[in-house]
Structures are given as C-alpha cells and as structure tokens.
Amino acid sequence: MHEVCGPGAYTYAFVLAARLGGVCMWVRGRRDLTLINPNGFTDFIAPSELIFCNTKDEIQSLAVTEEALRAGAVSLVVVSLNKPLGLTEGRRLQLAARDGKSTGLAIIPEGMGSNAAETRWRCAPVFGHGDSTLQKWELIKNKSGTLGAWHVRWDATSRRLIMVSPAGK
Amino acid sequence: MFDGMQRRVVSLWFPRLASNRVLRRYPLDGPFALTIKQNNANRLYCLNAEATQQGLHQGMPYSDARAFCPDLQTAPADLPQDQRFLQILRRWAMRYCPWVGLEGQDGLVLDVSGSAHIFGGEEGMLCDMRARLMRAGLSVQIGLADTRGAAWALAHHGEGVASPGEMLPALQTLPVVALRLDEKTSVALAWLGLRKIGDLAAAPRAPLTRRFGPDVLMRLDQALGQQPEEIMPLADPPHYGVRMTLPDPIGLVSDVMAGTERLLIQLCAKLKAQEMGARVLAVTLRRVDQDQQEVELRLARPLRDPHRILPLFERGLAGVDAGFGIDQLRLEATQVEALPVRQISHTLERGKDQLDDLISRLGTRIGLENIQRFLPADSHIPERSFIIAPAAYCEPQSGWASPNPRPLCLFPPEPIAASGPHPPERFRWRRMFLTTGRATGPERIAPEWWLEDDSWRSGLRDYWRVDTIQGRRLWLFYTPQNPGWFVQGEFP
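Protein sequence lines, in the order shown, are assigned to chains A and B. Numbering of the first sequence is given in my numbering, commencing with residue 1 and proceeding in unit increments. Numbering of the second sequence is given in my numbering, commencing with residue 1 and proceeding in unit increments.
Each hint should be verified, as a subset may be incorrect.
Pairs of lysine to any residue residues, derived as SDA-like cross-links and limited to a Cα-Cα distance of at most 20 Å, are as follows [as the list claims (entries may be wrong)]: (1) A:Lys56 to B:Thr364; (2) A:Lys101 to B:Ile366; (3) A:Lys101 to B:Asp357; (4) B:Lys352 to A:Trp150; (5) A:Lys56 to B:Gly471; (6) B:Lys270 to B:Thr334; (7) A:Lys56 to B:Leu368; (8) A:Lys136 to A:Trp150; (9) B:Lys352 to A:Lys83; (10) A:Lys56 to B:Thr334; (11) B:Lys196 to B:Gln172; (12) A:Lys56 to B:Gln470; (13) B:Lys352 to A:Lys136; (14) B:Lys352 to A:Ser158; (15) A:Lys136 to B:Gln470; (16) A:Lys56 to B:Asn370; (17) B:Lys352 to A:Glu49; (18) A:Lys136 to B:Gly471; (19) A:Lys83 to A:Gly21; (20) A:Lys101 to B:Lys352; (21) B:Lys352 to A:Glu67; (22) A:Lys56 to B:Ile366; (23) A:Lys136 to A:Pro7; (24) B:Lys196 to B:Leu224; (25) B:Lys352 to A:Ser75; (26) A:Lys136 to B:Thr435; (27) A:Lys101 to B:Asp353; (28) B:Lys352 to A:Pro7; (29) B:Lys196 to B:Thr209.
Restraint ranges, calculated between C-beta atoms of paired labels, are given here [claimed, not checked]: (30) A:Leu95 to B:Pro483: 52 to 60 Å; (31) A:Lys141 to B:Ala273: 56 to 64 Å; (32) B:Leu451 to A:Glu110: 54 to 62 Å; (33) A:Arg31 to B:Met232: 55 to 63 Å; (34) B:Ala273 to A:Asp32: 42 to 50 Å; (35) B:Pro247 to A:Ala46: 50 to 58 Å; (36) A:Asn115 to B:Leu460: 49 to 57 Å; (37) B:Thr435 to A:Arg31: 50 to 58 Å; (38) A:Ala46 to B:Ala338: 23 to 31 Å.
Calculated from the structure, these hints are not laboratory results. It should be emphasised that the depicted structure is a prediction, and the values quoted were computed from it without experimental measurement. Don't be surprised by glycine CBs; every beta carbon is placed ideally from N, CA and C.
Produce the complete structure using the sequences and hints provided.
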C-alpha cells in the first residue's frame, strides 16, 4: 500500500499502472467531480484495462479497496481519499495487499498521510522547455529505504519512464 | 395421430375472457366493460353480461356507451396480460389431456382422444370443465366433435356435442360463418342462398371453388373431417427454480449455506442441460413464522458453476435474520442467459474468471451498475468522446484514437478572469497565481447542435494547452461568441 499526493498524483498512478500491467481498478467517491479522461491516458494504459467503482462514501471505498486487493485479480487498486487513513484501516489494507499480491495506491491530499503506508510520494509537474511530461517525484516517506527526489518524464512511444537530470540553476 | 382410434377434440371459447379476468380480481356489480384505444377513439373491448343486457356491444365508441348506460364502469384493457392469463388456462387444461393448443386470442383446443374415460366419459368431462371454470368466474362455451373445425363451430355457435362420425348432422343448421370464414365470403355466400352449412355441403363443389377459391371448401372439409388439421401443443417455458423443505428449522449460516449448495447443484444441473447460465439468482428463505426473506445475487457474467456461485452468496446469507428458524429454502434463477458449452482453450483465461468473480462480489456491496468501464464513442466533444457503461453488461472495446492530445483529467469548466482571444500572460486559478510559459493552440471545437447540452450554450470553443512556469499544464478554452476563459482539464 502506497500513498501519493500533489498535483501530479494522477500521472503517478497511471505510470504505476503501466509499469505493473494487467487490469487496474480505480475507486472513487460518487461526489468526486474530477473525471479521468480515457482519451488522455491512452499513452499510459489501454482504457479497456481500467475498471472504476463509484462508491457512496469513504467507508465503502475502503471496503471495496480491501476486497479488490485481497482477490488478486487486479494488479493495481487506486483509491482517492479525503481523510487520513487510520492505523487499523491502513493495516487491514496492507494485509489485504500482501494476501492478494497486488499493489494499492491511495491518492491523498497534501499532508494527510497515514503511518501504515509503505511509501509516500509527492509529485508535481515541472515546466520544461520542449518537454511536456516533465515531473518532479519526491519520495517523502519510505519504510524500507532512503528518501530521494527525481525528475522524470514519460515516453509515450516506448511506454517507459525516463530519468532526467534536473536542469542547472 | 391415433390410427384406429376416433379422434375427439374439445374447443373452449371464453367469450368474456378479458373482463372475466379483471372481475375475478376486483368483483363489481352492474355493467362493466374494458375499453381499448383504436384509431384514436376509445371503444368497448370486452363486456360483462349485464352490460350486454343493457344493449351495449363490442366495438361501440365509449362515449356512446356512456350515453346509453350512465352507470357503466370501465377499465382499460391489457392485452398482454390477457394472453398471459390464457397461457395459465392452457396449463390448467393440461389436466384433461396432454395435447392442448391455443385457439386465437380467446380460446383453447384440446385433443381429448382416449382421455375422456378418466373423467367419466365425455359428458362427465364437459361437466367437470364447466363446473371448474364457473367456479373460477369464467364464462365458457364448449364444443366437442371429431375435428377441430367442427368443435370450433359448435363452441362459437350454440354449444353442443357432435357424436362420433356424425359431423354433418350436428353442423347442418349452423350458419356458414361457423366454418371460420371471413365476413366478406360469408356475406357473398348468403347472397347465393347458402346460409347454412348444410346448404354449402349440398352445393356443387366445382363452381364454389371457381368463385371463392379453395379456402371455403377447405374449411368445410376440415370441419367434416375429410381434410386433416393439426393441433399445435405448446411447450412449457423452462422453469429454473428449486426448493427444499426442512423437517426441522435451521438457523446457522453454515446450515443455510449447505442447503443453498444442495439447491445450487440441482439448479446448475438444470441450467447445464439447457445450456443456460444464471445472471440473477434469488434465494427465498421462509421462516417458521411464515415471514419470508429474499437474498438476491447479481452476477457479472452468466454462470452455472455451483462452486463459483456459492461463495458469492455468503455475504447476502450472513445478513439474514433467521428468527425462530428457517424451514424452507427456495432458489430461483430469475434471469438467465444462453451460455453455450465452450471448448477448453489453450490460452489461460483464469484471470478473467477471477476478475468476473471480483466484480460480482463487489456488486453485492455497491451495486453492479456502480462498477463501470469506458467505451469509445464517436464525438469530438471531449466530455462525450467516451461512454461510461457498467462493466458487467459490456465487453471492453478498442478503437481509442484522438487526433490531438487530450488532458488526463477533466472537470466542469472553471472560469478565470481574462479577456481577449489569446491566452492570458498571468491568471489566477484555484487560489494560485500562474504565469503562462508556453501556449499551444488554438483547437476549435464546435458544439454538436443536434444535441441539447446546456454547458455548450456559449457556442464555439477555442482550446489552448497552457504550460505554466509553475508547472501545471492546463487545458483552457476561450468562447469567442460569449467572451470568457475557462479551465477544463489538466495534462500529465
């Protein structure tokens, strides 16, 4: 179970889905107005590989996420949350992901991470000359390693993440 | 069919089938009629006996009928329901013989050869039919003869029984309409002086055929038994329901699951024999205090494998209140789909099965229609270039192509303060001050005038992709017909 925040969180989720392959499940609240656009993410994954669930509230979102993680039929479960995850919920999702051998990703608002998360990332797009997908990914929490920051860009033709050295000041 | 045995056919005609059906449920006194809308006029469709006594008749305009008979009570006719009722009567009539067919909209035809003696001969059988139908509140006219045509004639024109082998004496005095001829032909025959069936049978055949075609004599021959006529028995639609009654009530979830498993195995064997798969299943649990609870399971894909369906019931059955115990389980596949037997493929499709099971399981929690996927649609309007459809009821499709890059996420247009046809140098969006670094565009998209859409009332849109120095890459549009700038999406 991982967490991502910042304005580039959606891009991070799609890059992860493309890396993991297989079917991705996207869990979102019914009142969430932001809609992912299938014509916009064809560069990352095929829209037929994505299934999304509309849930009534946060509790339902978490229940659906847990069930999907445990089933092991999908490789990635993305859930957008508005409230910080409690320790119990975080631990349950963690165990479910371990049972199902799948990855969970929570899109959280800035500064609302939970202690149960394996890693937490902050992603933000960066203005770059002639390059349209440049992003700065910061690893701000890591249970099993060090922190770091990278400038990356997505190559649509090879469907690969390319590491870019940050531009000199 | 039965060589060497006299064929006997009963024709049942329900002259007031529709009104009888309604009055059985809501009994009324006084004149009553069902109305039907034909050619923009309300007409009487089916009347009860009191209404006929008042001088009303079928096909009469409703307003005339009200003028003649102010206390007439009416209800609208429901033809599909009448047909369903006739099907029920057909099933009921199977108690007399196995060979029952429908006769038009309001009749049944029974081939009772060799089954009359069970009910004490033909007389006894007809009495039994009449008594049972009368108790059910249905008016009926019964004809019994050797042939279908003769039985029909007797049922519709004065009831009667034609003794075996003597069709002509029984039919002789009936009008020619009783031969199932159309109005025009029977009027033409009456002009020739052929009013009764006896007259027609005695008339020379060749001139009749020359004048009226072969139909008239074919009907006559069919009635008299010189030409055969078949009765088409209808098969019962397959019923996918099984039940189990228990001598002692049960209450544990594991016991109910075990009972459900037994029923599922039976039901799935039935489904397999018919090459069908269940899409919606319902378990009805009857408690000792006669209270019933139903657990419904909607599947993401037609299934008939008991070991895959059973775990999906677990969540629903665990939520049932058993009270003092459950003593009857009933399992029915309320919606089935064709599921032909498939060759085991060499490509492994295990993942798909797992995914379908997951969708079914999540469907029991949040509803199957809330699990969706994208399908491509043919439109250049960004919000309408895809369809969101329930994943359980559609297959994934390919064919995603957009000539221009599209944003990763879309939101309802948010206005920003700017003017002029070119993107603003700096602007404020979501409490952020942004500076334009690079602007690409415009791409003009015209509204689809053939579809009503409030959000496209403002006319044409010029879309710009704006990369800001702060990093955000936004999708802005300008509406030249109603000047204004909006943000609608964000690029990766």
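Here's how the hints hold up against the structure:
1. Proposed proximity of Lys56 (chain A) and Thr364 (chain B) is supported: the alpha carbons are some 14 Å apart, at most 20 Å.
2. The straight-line distance between the Cα atoms of Lys101 (chain A) and Ile366 (chain B) is roughly 24 Å, outside the 20 Å bound, and the hint therefore fails.
3. In summary, the hint linking Lys101 (chain A) to Asp357 (chain B) is supported, as the alpha carbons are separated by about 17 Å, within the 20 Å threshold.
4. Between Lys352 (chain B) and Trp150 (chain A) the CA atoms are separated by roughly 36 Å; this puts the pair beyond 20 Å, and the hint is violated.
5. With a C-alpha separation of about 33 Å, the suggested pair Lys56 (chain A) and Gly471 (chain B) falls outside the 20 Å cut-off, and the hint is violated.
6. Annotation: proposed proximity of Lys270 (chain B) to Thr334 (chain B) holds, straight-line Cα distance about 14 Å (limit 20 Å).
7. This hinted pair checks out: Lys56 (chain A) and Leu368 (chain B) have alpha carbons roughly 13 Å apart, not beyond 20 Å.
8. As the CA atoms of Lys136 (chain A) and Trp150 (chain A) are separated by approximately 6 Å, the hinted pair is consistent with the 20 Å bound.
9. Between the alpha carbons of Lys352 (chain B) and Lys83 (chain A) the distance comes to roughly 33 Å, so the proposed pair goes past 20 Å and is violated.
10. A C-alpha spacing of about 27 Å is found between Lys56 (chain A) and Thr334 (chain B), which places the hinted pair above 20 Å, so the restraint is violated.
11. A hinted pair counts as satisfied when its Cα atoms are at most 20 Å apart, and Lys196 (chain B) with Gln172 (chain B) qualifies at roughly 7 Å.
12. In summary, the hint linking Lys56 (chain A) to Gln470 (chain B) is not supported, as the alpha carbons are separated by about 35 Å, beyond the 20 Å threshold.
13. At roughly 36 Å between alpha-carbon atoms, Lys352 (chain B) and Lys136 (chain A) are farther apart than 20 Å, so this suggested pair is violated.
14. For the hint linking Lys352 (chain B) to Ser158 (chain A), the alpha-carbon distance of about 27 Å lies beyond 20 Å, and the restraint is violated.
15. For the hint pairing Lys136 (chain A) with Gln470 (chain B), the CA-to-CA distance comes to about 12 Å; that is within 20 Å, so the pair holds.
16. Proximity of Lys56 (chain A) to Asn370 (chain B) is assessed by CA-CA distance (about 10 Å); at most 20 Å being required, the pair is judged to hold.
17. Restraint check: the Cα-Cα separation between Lys352 (chain B) and Glu49 (chain A) comes to about 12 Å, which is no more than 20 Å; the hinted pair holds.
18. With a C-alpha separation of about 10 Å, the suggested pairing of Lys136 (chain A) with Gly471 (chain B) holds against the 20 Å cut-off.
19. A C-alpha spacing of about 29 Å is found between Lys83 (chain A) and Gly21 (chain A), which places the hinted pair above 20 Å, so the restraint is violated.
20. The straight-line distance between the Cα atoms of Lys101 (chain A) and Lys352 (chain B) is roughly 17 Å, inside the 20 Å bound, and the hint therefore holds.
21. Our distance criterion of 20 Å between C-alpha atoms is met by Lys352 (chain B) and Glu67 (chain A), whose separation comes to about 17 Å.
22. The hinted pair formed by Lys56 (chain A) and Ile366 (chain B) meets the criterion: a straight-line CA distance of about 8 Å does not exceed 20 Å.
23. For the suggested pair Lys136 (chain A) and Pro7 (chain A), the alpha carbons sit about 11 Å apart, so the restraint of at most 20 Å is met.
24. Among the hinted pairs, Lys196 (chain B) with Leu224 (chain B) is consistent with the structure: their alpha-carbon atoms are about 14 Å apart, no more than 20 Å.
25. For a cut-off of 20 Å, the pair hint linking Lys352 (chain B) to Ser75 (chain A) stands: about 13 Å separates their Cα positions.
26. As the CA atoms of Lys136 (chain A) and Thr435 (chain B) are separated by approximately 19 Å, the hinted pair is consistent with the 20 Å bound.
27. About 17 Å separates the Cα atoms of Lys101 (chain A) and Asp353 (chain B), which keeps this hinted pair within 20 Å; it holds.
28. With a C-alpha separation of about 34 Å, the suggested pairing of Lys352 (chain B) with Pro7 (chain A) is violated against the 20 Å cut-off.
29. Between Lys196 (chain B) and Thr209 (chain B), the direct Cα distance comes to roughly 17 Å. Compliance with the 20 Å bound is thereby established for this hinted pair.
30. For the hinted restraint 52 to 60 Å between Leu95 (chain A) and Pro483 (chain B), the CB-CB distance of approximately 56 Å keeps it satisfied.
31. Checked against the hint of 56 to 64 Å, the C-beta distance between Lys141 (chain A) and Ala273 (chain B) comes to roughly 58 Å, which is consistent with it.
32. Separated by about 39 Å at the C-beta atoms, Leu451 (chain B) and Glu110 (chain A) break the suggested range of 54 to 62 Å.
33. Between Arg31 (chain A) and Met232 (chain B) the beta carbons are some 58 Å apart, a value that agrees with the proposed interval 55 to 63 Å.
34. The hinted range of 42 to 50 Å is satisfied by Ala273 (chain B) and Asp32 (chain A), whose Cβ atoms lie roughly 47 Å apart.
35. Judged by the Cβ atoms, the range 50 to 58 Å given for Pro247 (chain B) and Ala46 (chain A) holds: they are separated by roughly 56 Å.
36. Between Asn115 (chain A) and Leu460 (chain B) the C-beta distance comes to about 51 Å, which sits within the given range of 49 to 57 Å.
37. Checked against the hint of 50 to 58 Å, the C-beta distance between Thr435 (chain B) and Arg31 (chain A) comes to roughly 32 Å, which is inconsistent with it.
38. For the pair Ala46 (chain A) and Ala338 (chain B), the supplied restraint of 23 to 31 Å holds, since their beta-carbon distance comes to about 29 Å.
Checked against the numbered hints listed earlier, the structure breaks hints 2, 4, 5, 9, 10, 12, 13, 14, 19, 28, 32 and 37; every other hint is satisfied.
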